[in-house]
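Work out the full structure: start from the sequences and follow the hints.
If you want the building blocks of each chain, they are given just below.
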Amino acid sequence: MSNSSAFVRTEMLPPMAPPVSQAGAVKWLRENLFSGPLNTILTLLGVGAVALLFWEFAPWFWRSVWNANSLTECRQIIEERYGAGATGACWAVIKERWPQYLFGFYPSHLYWRPVLAFALMCVAVAPVLYPQLPKKMMWFTLIYPAIGFWLLWGGSIWVPVVALAGLPIGYLAARIILPIGGAILATIAAIVVPVVWWLFLALPVELALEAMIPASIEQVRSREFGGFVLAFTIGFTAIAFSLPLGILLALGRQSDMFIVNKLSVGFIEFIRGVPLITLLFTASLLLNYFLPPGTDFDIILRVIIMVTLFAAAYIAEVIRGGLAALPKGQYEAAASLGLDYWKATRLIIMPQALKISIPGIVSTFIGLFKDTTLVVFVGLLDPLKGITDAVRASTDWKGVYWEPYIFVGTIFFFICFGMSRYSMYLERKLKTDHR
Amino acid sequence: MKKSVFLGTLAATTLFAGIAAAQSTLETVKARGELNCGVNTGLVGFAAPDANGNWQGFDVAVCKAVAAAVLGDASKVVYIPTTSADRFEQLTSGKIDFLVRNSTWTYSRDNDLKMDFVGVNYYDGQGFMVRKDLGVSSAKELDGATVCIQTGTTTELNLADYFKANNMTYTAVPVETNAEGEQQYIAGACDAYTTDASGLAATRAAFADPENHIILPEIISKEPLGPAVRHGDNQWGDIIRWTLNALIAAEEYGVTSANIDELATSSQNPEVQRLLGSSDDLGAMMGLDKEWAKRAIKASGNYGEIFEATIGSATPIGLARGLNAQWTQGGLLYAPPFR
Chain A
1 MSNSSAFVRT
11 EMLPPMAPPV
21 SQAGAVKWLR
31 ENLFSGPLNT
41 ILTLLGVGAV
51 ALLFWEFAPW
61 FWRSVWNANS
71 LTECRQIIEE
81 RYGAGATGAC
91 WAVIKERWPQ
101 YLFGFYPSHL
111 YWRPVLAFAL
121 MCVAVAPVLY
131 PQLPKKMMWF
141 TLIYPAIGFW
151 LLWGGSIWVP
161 VVALAGLPIG
171 YLAARIILPI
181 GGAILATIAA
191 IVVPVVWWLF
201 LALPVELALE
211 AMIPASIEQV
221 RSREFGGFVL
231 AFTIGFTAIA
241 FSLPLGILLA
251 LGRQSDMFIV
261 NKLSVGFIEF
271 IRGVPLITLL
281 FTASLLLNYF
291 LPPGTDFDII
301 LRVIIMVTLF
311 AAAYIAEVIR
321 GGLAALPKGQ
331 YEAAASLGLD
341 YWKATRLIIM
351 PQALKISIPG
361 IVSTFIGLFK
371 DTTLVVFVGL
381 LDPLKGITDA
391 VRASTDWKGV
401 YWEPYIFVGT
411 IFFFICFGMS
421 RYSMYLERKL
431 KTDHR
Chain E
1001 MKKSVFLGTL
1011 AATTLFAGIA
1021 AAQSTLETVK
1031 ARGELNCGVN
1041 TGLVGFAAPD
1051 ANGNWQGFDV
1061 AVCKAVAAAV
1071 LGDASKVVYI
1081 PTTSADRFEQ
1091 LTSGKIDFLV
1101 RNSTWTYSRD
1111 NDLKMDFVGV
1121 NYYDGQGFMV
1131 RKDLGVSSAK
1141 ELDGATVCIQ
1151 TGTTTELNLA
1161 DYFKANNMTY
1171 TAVPVETNAE
1181 GEQQYIAGAC
1191 DAYTTDASGL
1201 AATRAAFADP
1211 ENHIILPEII
1221 SKEPLGPAVR
1231 HGDNQWGDII
1241 RWTLNALIAA
1251 EEYGVTSANI
1261 DELATSSQNP
1271 EVQRLLGSSD
1281 DLGAMMGLDK
1291 EWAKRAIKAS
1301 GNYGEIFEAT
1311 IGSATPIGLA
1321 RGLNAQWTQG
1331 GLLYAPPFR
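Sequence order for the protein chains is A and E. Letter by letter, the first sequence follows residues 1 to 435 of the numbering used here. Letter by letter, the second sequence follows residues 1001 to 1339 of the numbering used here.
Just so you know, these hints were derived from the structure itself, not from any lab. We treat Cβ as the ideally placed atom computed from N, Cα and C, and that holds for glycine. Certain hints may be false.
Over 12 Å on every C-beta distance to chain A, these chain E residues come out as not near it, computed from the model [what the hints assert, rightly or not]:
| id | residue |
| --- | --- |
| 1 | 1111 |
| 2 | 1133 |
| 3 | 1158 |
| 4 | 1269 |
Some chain E residues near chain A, calculated using beta-carbon distances under 8 Å [what the hints assert, rightly or not]:
| id | residue |
| --- | --- |
| 5 | 1042 |
| 6 | 1045 |
| 7 | 1050 |
| 8 | 1073 |
| 9 | 1081 |
| 10 | 1083 |
| 11 | 1086 |
| 12 | 1095 |
| 13 | 1179 |
| 14 | 1206 |
| 15 | 1207 |
| 16 | 1208 |
| 17 | 1211 |
| 18 | 1317 |
| 19 | 1320 |
Structure below.
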């Protein structure tokens, strides 16, 4: 017995490394890039294409010139460094015209104002984007449009103050009417009173206030806007206003009330059926024929209105998709809890519908932001083409072609990519199901 | 909530804008204290903002001269960049007081579009640029060529007319802008690039290898470029027309921005005296003061000075005077007498 024991290993064998072809980078390459003849060919073609592009463009980027006063000087520097016939990127144009790309023709001693407006805008949107921030910051968000307007355009501070005053006035009117006349009259008062205020009372009140307490900063006119200040002004204002408008339109389209429903459908279908350029031309040219001669209805404001309406129509359809995706039971459950229409919409329906719609909404916003470059067709100096054409028209920089496009395109990419990443973060955060 | 703020701003802006009563352009401009001048969004040598946002160029100089004549200050100009698509609407709808944007004076524009061209500040014409190694020395040899051409311009029509008249064929490569046309031409997408001769010269000057490109001698169209005003306000049209004439006449009589003060007091030439307001009172006839022309000429010099400073042979664009020389030098510039 003692001599006939079977072989028993007493210690564990050390684990062996997996075969080379089944681990690490090789496995990944085999599985993902060379899994079959077709994929191998496609991989090689892809690598070839990338290498070709790199071969073509890398030297051009490598031979960049950052310090020069004209394109001719750029070319001289490149020839001196890399020999005759060499080509390279002339980023000196961006360096020299950098302020123009950012601010357009905004007076240079006032550059701090758009910068401050931008910084404050970041503060204002923060509580909207990140709910963990204190709720009180929302008050700043609410008054930010007035601050931003004042900083960008300047003039008397009483203009935005008086304009903003319409809101509490409407609210007060509603509160006063509510016990006397009921909900419908209160709603009408909340709309009519501010409109009356803005149309007839705001101007004399503003002038009186300005006469009593003058508080003005230097005025900047719309024609001096350009570059990214213009793109941001139009883009972000339109984004901020098109979402609420789009929600209202989407609700209107779902409404059982005949007029509300038909108006919403008509508006959405009309706006979506017309190219944005048409709307911009209408804003810049056609309106002039209807307005009294000499009326100076600000061109940027007109463009913002048109872009907002345009985006709102698309947002409305995106949100309608979200609403349609909600099971009917959600509406019924809300009703069975005794919630009225607005409460149900605010507490039950919209949070879910908006969550579903996030990717579509953000796509629309990204599209909107990029569409701000179309304002070049109504003579505004957008960064991509308006400023670039102006820069190219100087004798120093005529002949520069790719550099401005690449530069502006890169900035647009980072902004749009940022929006896209934020929407993915938001989707992850709001994900409540367990799929 | 936000929407209401927005509407409020809108309403406020509309209100504060105020409504100007219908009055003559001259009164409007004087009341405003600024001249709204429609210029190109950017054309080398003719109108372009520099790095500080100051507009410069051949067309811009006309704006400055008019502002100096009417408002007494050449800097009181609001330059409104206009595109080729919206320039005439900007004028007819009253957004700009006059247009000086290398626009060709044609019959239909003058009549159908309700504008008045008040003169010509540059006589241009359409030409061709080709690579030297193409071995072509005349536009007549371009049969079968591919031609880069900006769409929607008079040049496109001229090109078709020219090739048809000479019984030749061509393939058009449509491009949207001048910059794009240059790029296509350099990349070899077309044998020839055609646009106004002034534009060709500027384009060629900006190439890395201008010596390898030639501009063919044929000019296939007439492109008189000039300032335009709205129909119906003849006084304003006269002011623009005679400001331009004053610049041209000043060159003819040797009045420059350097010697103008001296000539204003000492010149024995009665025409110069009338022009500069030393004798007679010509300005009053069109609602201006005596020294309007003197200020206009002082703004950026006489026609010749403006030409040399912006597009002339000393600049990178290097245009010769050609048709734009004084009539005494064999050109077409011929200012009517000031009397």
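Using 8 Å as the Cβ threshold, decide whether residue 1317/E counts as touching chain A. 7 Å, holds
Restraint satisfaction for residue 1050/E [CB to CB of chain A, less than 8 Å]: Holds. Min distance 6 Å.
For the hint on residue 1045/E, just tell me whether its beta-carbon gets within less than 8 Å of chain A. Holds, about 7 Å.
With 8 Å as the cut and Cβ atoms as the points, is residue 1083/E at the interface with chain A? This interface hint holds because 6 Å falls under the 8 Å limit.
Restraint outcome when residue 1042/E is required to lie within 8 Å of chain A by C-beta distance: 3 Å, holds
Does residue 1320/E pass the interface hint, meaning its C-beta sits closer than 8 Å to a C-beta of chain A? Since the shortest Cβ distance to chain A is 17 Å, the answer is violated.
Holds or violated: is there a CB of chain A closer than 8 Å to the CB of residue 1208/E? This interface hint holds because 6 Å falls under the 8 Å limit.
Hint residue 1179/E vs chain A: min CB-CB distance below 8 Å? Holds, about 6 Å.
Decide, holds or violated, for the assertion that all CB atoms of chain A are farther than 12 Å from the CB of residue 1158/E. 23 Å, holds
Quick check on the hint: residue 1081/E CB to chain A CB, less than 8 Å? OK, holds: residue 1081/E within 8 Å of chain A, min 5 Å.
Chain A contact restraint on residue 1073/E - CB to CB distance below 8 Å: Since chain A brings no Cβ nearer than about 18 Å to residue 1073/E, farther than 8 Å, the hint is violated.
Hint validity - residue 1095/E Cβ closer than 8 Å to any chain A Cβ: 6 Å, holds
When each numbered hint is compared with the structure, violations occur for hints 8, 17, 19.
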